[in-house]
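Q: In order, the protein sequences belong to chains A and B.
If you count by my numbering, then the first sequence holds residues 105 to 424, one letter each, in order.
If you count by my numbering, then the second sequence holds residues 105 to 424, one letter each, in order.
Simulated from the structure, these hints should not be mistaken for lab results.
Errors might be hidden in some of the hints.
The list cannot tell twin chains apart, which means a pair is met if one copy fits it or any two copies do.
[Stated by the list, open to error] Quick list of in silico lysine to any residue cross-link-like pairs, SDA-like style, CA-CA up to 20 Å:
id	residue 1	residue 2
1	K122	A151
2	K200	G167
3	K200	R268
4	K200	R269
5	K200	R395
6	K200	L334
7	K200	A160
8	K200	E211
9	K200	S166
Number of protein chains: 2
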Amino acid sequence: MHIAITGAAGFLGQRLVKHLVDLGELEGRAILRLTLIDQVEPPALDAGEIEVVSRALDITTSGELDGVLAERPDVIFHLAAVVSSAAEADLDLGMKVNFDATRSLLEGCRRHGLAETRLVMASSVAAYGGELPDVLDDMTAVQPQTSYGTQKAMCELLINDYSRRGLIDGRVLRLPTIVIRPGRPNAAASSFASSILREPLNGEEAICPVPLDQELFVMSPTRVVEALILAAELPGEAMGAFRALMLPGITVSVAQMLDTLRDVAGEEAVSRVRHEPDERIRPLVASWPARFETGRADRLGFQRDANFREIVEAYLAERA
Amino acid sequence: MHIAITGAAGFLGQRLVKHLVDLGELEGRAILRLTLIDQVEPPALDAGEIEVVSRALDITTSGELDGVLAERPDVIFHLAAVVSSAAEADLDLGMKVNFDATRSLLEGCRRHGLAETRLVMASSVAAYGGELPDVLDDMTAVQPQTSYGTQKAMCELLINDYSRRGLIDGRVLRLPTIVIRPGRPNAAASSFASSILREPLNGEEAICPVPLDQELFVMSPTRVVEALILAAELPGEAMGAFRALMLPGITVSVAQMLDTLRDVAGEEAVSRVRHEPDERIRPLVASWPARFETGRADRLGFQRDANFREIVEAYLAERA
Numbered sequence: 105m106h107i108a109i110t111g112a113a114g115f116l117g118q119r120l121v122k123h124l125v126d127l128g129e130l131e132g133r134a135i136l137r138l139t140l141i142d143q144v145e146p147p148a149l150d151a152g153e154i155e156v157v158s159r160a161l162d163i164t165t166s167g168e169l170d171g172v173l174a175e176r177p178d179v180i181f182h183l184a185a186v187v188s189s190a191a192e193a194d195l196d197l198g199m200k201v202n203f204d205a206t207r208s209l210l211e212g213c214r215r216h217g218l219a220e221t222r223l224v225m226a227s228s229v230a231a232y233g234g235e236l237p238d239v240l241d242d243m244t245a246v247q248p249q250t251s252y253g254t255q256k257a258m259c260e261l262l263i264n265d266y267s268r269r270g271l272i273d274g275r276v277l278r279l280p281t282i283v284i285r286p287g288r289p290n291a292a293a294s295s296f297a298s299s300i301l302r303e304p305l306n307g308e309e310a311i312c313p314v315p316l317d318q319e320l321f322v323m324s325p326t327r328v329v330e331a332l333i334l335a336a337e338l339p340g341e342a343m344g345a346f347r348a349l350m351l352p353g354i355t356v357s358v359a360q361m362l363d364t365l366r367d368v369a370g371e372e373a374v375s376r377v378r379h380e381p382d383e384r385i386r387p388l389v390a391s392w393p394a395r396f397e398t399g400r401a402d403r404l405g406f407q408r409d410a411n412f413r414e415i416v417e418a419y420l421a422e423r424a
Numbered sequence: 105m106h107i108a109i110t111g112a113a114g115f116l117g118q119r120l121v122k123h124l125v126d127l128g129e130l131e132g133r134a135i136l137r138l139t140l141i142d143q144v145e146p147p148a149l150d151a152g153e154i155e156v157v158s159r160a161l162d163i164t165t166s167g168e169l170d171g172v173l174a175e176r177p178d179v180i181f182h183l184a185a186v187v188s189s190a191a192e193a194d195l196d197l198g199m200k201v202n203f204d205a206t207r208s209l210l211e212g213c214r215r216h217g218l219a220e221t222r223l224v225m226a227s228s229v230a231a232y233g234g235e236l237p238d239v240l241d242d243m244t245a246v247q248p249q250t251s252y253g254t255q256k257a258m259c260e261l262l263i264n265d266y267s268r269r270g271l272i273d274g275r276v277l278r279l280p281t282i283v284i285r286p287g288r289p290n291a292a293a294s295s296f297a298s299s300i301l302r303e304p305l306n307g308e309e310a311i312c313p314v315p316l317d318q319e320l321f322v323m324s325p326t327r328v329v330e331a332l333i334l335a336a337e338l339p340g341e342a343m344g345a346f347r348a349l350m351l352p353g354i355t356v357s358v359a360q361m362l363d364t365l366r367d368v369a370g371e372e373a374v375s376r377v378r379h380e381p382d383e384r385i386r387p388l389v390a391s392w393p394a395r396f397e398t399g400r401a402d403r404l405g406f407q408r409d410a411n412f413r414e415i416v417e418a419y420l421a422e423r424a
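With the hints as extra help, turn the sequences into a complete structure.
A: Written out as structure tokens, the structure reads:
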């Protein structure tokens with residue numbers, strides 16, 4: 105089993121690699137080789153008997169992946185992307201990285217006859233937008249209100265069509281907001297969702313730019329990585345008539361997040377969160393759907409976090 | 105008012121041009137110039153005081169439309185496309201004409217600063233597919249099961265994003281099956297829908313490849329052309345959070361179509377329809393949704409045909 109991963113130097117990519125190395129197999133077949141691809145060479149790691157090849161490649165250059173595809177990977181995890189804020193700030197960059205590079209990857213797979221290769225792509229809850237119902241389900245229209253969401257939705261359509269035509273065996277997961285991300289606050293509108301927990305847990309101050317009653321649809325990094333792996337293991341037909349689906353997050357309000365922080369780390373931790381409404385961030389976050397019925401994903405075996413406390417405790421356990 | 109039309113030599117394009125010439129104005133502003141674009145030079149016509157420029161241009165060649173865009177048309181009707189069967193037979197051709205050429209047109213508009221230009225594109229009921237509810241509405245997910253539908257859906261997303269970013273003022277109409285088309289039967293799976301009426305009305309035989317209880321969602325050519333014009337006249341904001349919508353067709357079964365044929369032209373006409381089930385065509389047609397609630401389009405003033413008999417009688421009146 106040979107697995108290639110784009111965006112392998114990123115937060116999710118790195119976690120996925122570690123998890124795959126721990127598993128040592130996929131679908132009962134031993135993983136023999138991992139090809140890690142990113143614009144900078146992904147860090148090496150001790151992977152025991154698994155051969156790990158790290159490559160700095162520019163996936164926006166057509167044909168750049170030919171060497172990897174010629175080796176006929178069994179599974180490709182396509183995680184490389186520019187984030188929402190970058191795609192919004194620079195339409196051309198977003199189209200190039202988020203859409204054209206994906207199309208180029210699909211064409212590469214077609215050229216190399218990789219009909220059986222399972223391509224797992226990460227899409228996003230940001231594909232949704234506009235005038236939404238209170239609770240979304242698997243048949244809710246995708247009407248993105250960001251360029252990032254638009255580009256991801258276009259990739260979903262293309263992967264579905266290439267899969268339908270038997271050119272590739274694709275599956276796309278729409279990820280909820282991932283909480284708790286490691287690292288520092290950044291320019292992403294969703295940054296606060298991790299920051300209002302992570303910083304106080306680390307004895308630092310954080311800013312909450314949205315009201316307490318704002319709800320989010322969240323998933324822990326561990327559940328996301330498990331979902332990526334399950335997506336690679338499912339037979340393509342199991343996806344049904346469309347190769348993209350929304351993962352089962354849990355719905356949580358900012359107030360509930362801070363209550364959990366209080367339960368786990370005390371009032372002092374909560375007092376480190378400063379409430380500073382931000383009129384650039386508030387409407388963006390308010391436009392993200394927070395309530396879903398994810399029937400398809402549930403039936404396929406994708407797992408949600410049990411509750412928000414589990415998410416926080418998992419972060420603390422990992423940090424320790 | 106300067107109006108440019110791609111696909112102007114086609115059936116819809118020609119009808120649209122004639123209707124615009126008859127109107128002489130759009131939104132109360134006199135039409136001064138029509139630029140008709142197709143891969144072969146669209147036929148000239150007597151347009152009175154309107155200057156008509158016919159141009160044979162290959163819209164799949166980047167920059168080919170620059171000359172037209174430099175003249176800053178107020179409205180662009182983008183009808184050029186390869187049909188469903190051709191897009192299915194040749195993925196590259198479909199992507200090139202149906203998607204890349206549209207993207208190239210959007211980029212051209214962006215380059216020429218045509219933020220105010222109203223771009224009206226024709227999409228299709230074929231954007232829908234998969235496991236659909238009995239009645240679709242404006243929030244039903246688009247999960248195309250053809251490359252044509254995929255390419256159209258990708259264009260919808262892109263036009264929505266370019267409009268949201270203020271680079272163009274786009275609106276996209278998903279067309280029902282158009283009945284009665286003129287001409288001869290062709291390779292399109294929908295060909296029979298016109299043929300089982302047109303041929304008998306013209307004293308010829310026709311083949312019906314689907315069961316009598318097959319329902320279709322149909323619209324007359326006249327209503328489609330009126331819808332294109334209304335779409336050009338609406339303010340962009342009226343489209344709401346997403347720039348594509350399904351037009352209001354009417355739902356009719358093959359049995360009802362043949363009953364209408366009997367009412368209008370007698371039993372002899374109906375007897376010219378031979379029933380020959382075709383297992384290539386039947387499942388395709390069965391996959392097209394036939395029942396819609398088109399609330400957004402209705403509120404915006406798009407008109408459905410009053411009933412199927414009106415559609416048939418309009419065809420007869422035009423033929424006379």
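Q: Look at each hint and say if it fits the structure.
A: Hint-by-hint comparison with the structure:
1. K122 with A151: Only inside one copy: K122 and A151 sit 8 Å apart there, 70 Å across copies, limit 20 Å.
2. K200 with G167: So K200 and G167 pass the 20 Å test inside a copy (14 Å) and across (19 Å) alike.
3. K200 with R268: between (24 Å within a copy, 19 Å between copies)
4. K200 with R269: The answer is between: 17 Å across copies meets 20 Å, while 24 Å in one copy does not.
5. K200 with R395: Neither, since 31 Å and 38 Å both go past 20 Å.
6. K200 with L334: This pair counts as neither: shortest intra-copy Cα distance 28 Å, inter-copy 34 Å.
7. K200 with A160: within (18 Å within a copy, 31 Å between copies)
8. K200 with E211: both (15 Å within a copy, 14 Å between copies)
9. K200 with S166: So K200 and S166 pass the 20 Å test inside a copy (11 Å) and across (17 Å) alike.
When held up to the earlier numbered hints, the structure conflicts with 5 and 6 and fits the remainder.
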